[in-house]
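Peer 1: Top to bottom, those sequences are chains A and B. So for the first sequence, our numbering puts the first residue at 1; every next one is plus one. So for the second sequence, our numbering puts the first residue at 1; every next one is plus one.
Please note that the accuracy of each hint is not assured.
As the list claims (entries may be wrong) - Which stretches of chain A does chain B cover? Using the computed rule of at least three CB atoms under 8 Å from a CB of chain B, they are: (1) 31 to 38; (2) 60 to 72.
Said to hold, decoys possible - For lysine to aspartate or glutamate, the following EDC-like pairs were computed, each having C-alpha atoms within a straight-line distance of at most 16 Å: (3) B/K7 - A/D136; (4) B/K17 - A/E20; (5) A/K29 - A/D136; (6) B/K7 - A/E138; (7) A/K92 - B/D93; (8) A/K92 - B/E62.
Calculated from the structure, these hints are not laboratory results. We treat Cβ as the ideally placed atom computed from N, Cα and C, and that holds for glycine.
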Amino acid sequence: MTEIYKQKQLRTEVWNTVNERYPGSMISKDDYVPLSFLKKPLSESKLTFISTSGVQPVGTLPFDTVHPIGDYTYRKVPSSLKPDELEIHQLKYPTVGANQDINVIFPIERLQELAQEGVIGGLTENFFSFIGYNMDPEQLEQKLAEDIADAAVRDHADIALLSPA
Amino acid sequence: MSLPYLKEAIENDDKEKLIRYVRLHFGDGNEEAGKKEIDKSWIEALKLLLDSSETDREFIFETLENKDAETLAHLYFSLHFYFVKRSGEWIHDGNL
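Looking at chain B on its own, in the form it has when it is part of the complex (with noise of 0.2 Å):
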């Protein structure tokens, strides 16, 4: 999609077409495929977190207080992509 195509959804509040944006981002152009990719990266970041093993908060706390939402949200899109990496079961024609 391009930009003034999300630009104009965002205008509208058009969320059916901001949700079907983003599926088929992470879906390589294909919706489905792009829901389970999001449900696939959130799976594997909660396996990490079932033996509570002790995680840098100071780390998480300081890049939430002091980096700008813009960052975070860049931040947000690389995270995906690495879960879902990380996940072993990679669906994207390229790499990282």
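For reference, chain A alone in the conformation it holds in the complex (with noise of 0.2 Å):
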């Protein structure tokens, strides 16, 4: 079982295209983190949702899309807003098919449905938003992603859905 953590680095070439863009940006490690398995089933178990796309509530504080090491706070966006109390700040992706139906980017809504369907037990109060850009990996590893984990075991959740932008 231990084999499939070893597993090598996927798409070597869109990495290849990220360091021509951002030299010395992709970061290499050796050590993999175990694979959690589901200890309940799906529809009884609470979700969270975990996003790299810089959608916040509107009134928060803006990431900071322009610092050039990145920003490493996240946002705690209340699983049950409706899309226009949402707004999207990151510079690094197109945003304007998300600016039309923010669900192409932070599926909150269809969340809610499959909650509402009992496809899965519930949705965590809140889901988990932050910047993409960060140059930093230890901040990144060591603050953002530890802060971001103990607050979703702090919102009970079983399982995460975690989806780059």
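Could you use the hints to bring the two separately framed chains together as a complex?
Peer 2: Next up, the structure:
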């Protein structure tokens, strides 16, 4: 079973392109986080959503999209919010489509529907959002990722849907 | 570029790498575009001062006098994007 954690990096050509645009930004790691398995059926599991989309509730402090090293904060996004209560602060991906329908990048209504239909057991009180432009891998891993993981645990998440923008 | 990469460039006084980073950052990964973006923000700032309209020099003086260099550097990056946005020629993919 442990062998599946030792898979080689997939789609290396994509990362080569990223490294061409932002030299040195591709971080390789030799250690892998072990996969976690579901402890109860999906229909009984509380789901949280974690996204790098820069989506945030209207009126919260905008993500710092100009800092050259990145923003290592996250925003709680109440899972009950409607699309018009959300906005995007993010420079590094096209937001034209998402500004028309935020679900294409932050599928909050689809997840609300899945919970109402009983496909999933429910949603955590909050979802979590940050911006994906982070040039300091240590802060990303040891501060931001840990902060979000702690917050997800406090919200009693059984499963987490992770979505890079 | 990752922070370790930039710190190494600074340590080695590798100005070419640093200049390239600045241009890539402002050009969303396109060095040539980044160069134009830097010029664009300066031109936009210049245009606003041609008529010698009154500005808040006290604010400028106090800010430069009282704020730390790190905050001013952050402000400098913010001003770049502010003037680029104001120019109406927004090449970036998303929102500030």
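Peer 1: Looking back at the numbered hints, which does the structure fail to meet, lowest number first?
Peer 2: 1 and 8
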